[in-house]
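Here's the letter readout for the chains.
Number of protein chains: 2
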Amino acid sequence: MHNIYFTPGPSSLYYTVEQHIKKALRSGIASISHRSEQFKDIYRLADSHLRELLNLPPNYTVLFTNSATVVWDLATESLITDTSLHVVNGAFSEKFYKVAKNAGKNTLLVESDWGQLPQIPQNLVKQADHIALTHNETSTGVAMPLDTIYKVREQNPDAIISVDAVSSLPYLNIDYTKIDALYVSVQKCFGLPAGLGIWLVNDRCLARAEKNLSKQKGLISYHNLTALARQAMNLQTVSTPNVLGIYLLAQVTADMLHRGIQMIRSEIKYKSAIFYKMIESHAKLTPFVTDKSLRSDTVIVLDTQGYTKDLQSFLASKKMIIGSGYGKMKGQQLRIANFPTHSKEQFEMLTDLVETW
Amino acid sequence: MHNIYFTPGPSSLYYTVEQHIKKALRSGIASISHRSEQFKDIYRLADSHLRELLNLPPNYTVLFTNSATVVWDLATESLITDTSLHVVNGAFSEKFYKVAKNAGKNTLLVESDWGQLPQIPQNLVKQADHIALTHNETSTGVAMPLDTIYKVREQNPDAIISVDAVSSLPYLNIDYTKIDALYVSVQKCFGLPAGLGIWLVNDRCLARAEKNLSKQKGLISYHNLTALARQAMNLQTVSTPNVLGIYLLAQVTADMLHRGIQMIRSEIKYKSAIFYKMIESHAKLTPFVTDKSLRSDTVIVLDTQGYTKDLQSFLASKKMIIGSGYGKMKGQQLRIANFPTHSKEQFEMLTDLVETW
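Going line by line, the protein sequences match chains A and B.
Residue 1603, in this note's numbering, is where the first sequence stops; the numbers in between run on with no holes.
Residue 1603, in this note's numbering, is where the second sequence stops; the numbers in between run on with no holes.
Okay, chain A solo, but in the shape it has when bound (with noise of 0.2 Å):
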């Protein structure tokens, strides 16, 4: 039997991904050329299921990077003008305003300690011409309702609104209406090989990019936002891709409209809710987020009380691989990605489990 990875990305791998590689070997796909009809066929389909999957408005554009993290760059180069406004409640969260406070932007900080949610003031919001909000934060487990983004939205409707759904996507059913910029990584929902990231970007962001890039001194990223979305427009990107993973990514998105994303995104909720249960009464471990309106479906982050590695050794035994805690928490925490490829029954198997431990 192999191993069942529910680690927070990279995590199991999709369960029709194996065929899709074999298939992408005997077809060639990892050789042909990116500037061929054959590539634009596939960038096509990936960017049309997308679309589709996520119900994404017609004045977005899908762009491809080589992860999500280098999103960061990009937006900080492109998407603040002058002052960003940063909600930190974790590593990733607090990367990114790391990345735009060394840059010399103005950086506007609200923070609260992991596993919660700041308070965003009001004043604070309407400063910022750039504000980058975690819907996911895979350190701590934390999801952001989707009411704080909307209200932002409403405080001010001119900032650009950039979202990490790294790990949320495309479980996350947001109203892309509402914000201006998401950005994904294929290697935790999506369930493919770490290797590519997704950066959806509105009309808005490509008009901000324009102008901020005209006036930037210092250097230009060869893979700016304007310059991507300008090969975007053809099917194309700036320099050659992962075709790999592009390809997989249109035929998982196949598979995912077929099953449905309702029954997808529901599954996921029914996964969460048996586990969160459990362990509501489990005698040594706690969900750390405790305010249950804030807690992930997608990565579920419990304290240990030190015994990370017995329990993840317990579960390796049984084929069973979960994730350490995030960086300081590592020993004492532990976290379990619940992601479109874990069945309910996977998943059901998992949760007694760690119930009987």
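By construction, these hints were calculated from the structure, which means they are not laboratory data.
Treat the numbers as computed from the prediction; the structure is a model and nothing was measured.
Any given hint could turn out to be false.
Note that the list lumps identical chains together, so a pair holds whenever it fits in one copy or between two copies.
Unchecked claim - Heads up, simulated EDC-like pairs for lysine to aspartate or glutamate below, C-alpha to C-alpha not over 20 Å straight-line:
id	residue 1	residue 2
1	Lys-1555	Glu-1283
2	Lys-1344	Glu-1456
3	Lys-1574	Glu-1283
4	Lys-1463	Asp-1328
5	Lys-1590	Glu-1513
6	Lys-1576	Glu-1283
Once you've looked at the hints, dock chain B against the given chain A.
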């Protein structure tokens, strides 16, 4: 029968890659955490195989990037202090020049027509603190003689010398003590799927980067050279890398070591020799690079008198895919990759077909 891709990257996968991917899928490599010991073991293997294959001195660090093109940004940021000399004789050498120029660095340009190599005046070499040389111009099929590179070093031992070996490593057998940095794409001679770059940097680069980044105003890339190197010391990466790509690199470099790098290099020489010899008396095709001492062995570029599509179609009917000319030369030239994965038999067949066409 599968297509054989003689395109100059992406190209046919190294002939062992398919089995390595299947093994990786069976053992869950694409799902492991990039912070795990298992990943460190993979990095260690790739690192040590590369060192052995390339005869890389111990003062070099092996860095992984998500593409080779991103190195233009990262080198401009970290390695150029004030003045960078660019030897430009094709599209890729020109792109690096433009990145450095747009970043506001002092740039010195030495340029020739495509298909040629400019003289490099000693007075310019002496003015630069960074010198960008392209060993193998993938757009034109010009290879810079090693003596030219070494002479630059003699004329200015203090400058950092960056070498673009995107489409020639590991065929390229260079003395690493006479350069400082070298970057490569795995989808060329290594025969891997696109989506991974390798950047080899010596201790002089690390010292230079430390100094330059500390003075930097404006954006510092999240994946800057110092950050990459600090993580690499612990066989780690700044963000989630293309784990599968690094695994495949470790395997393919092992296969190449097993085959013998001398054997691989002499086969490439043999294949290029028979092809160039045939072309000399061809009725419709002529080598683009007239100076034989500058002809690339790994990327062969031909003038076609407009017969580009005809020959491509003819060869495609025989399941052999060859590349168009690059950019402005698309319709007038052909580019043929001669990489380690292309067997002598395949190349002899290609040579015969082109000869009798």
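Hint check:
no., hint, in the structure
1, Lys-1555 <-> Glu-1283, "between (50 Å within a copy, 14 Å between copies)"
2, Lys-1344 <-> Glu-1456, "between (24 Å within a copy, 18 Å between copies)"
3, Lys-1574 <-> Glu-1283, "between (48 Å within a copy, 18 Å between copies)"
4, Lys-1463 <-> Asp-1328, "both (14 Å within a copy, 15 Å between copies)"
5, Lys-1590 <-> Glu-1513, "within (7 Å within a copy, 54 Å between copies)"
6, Lys-1576 <-> Glu-1283, "between (46 Å within a copy, 14 Å between copies)"
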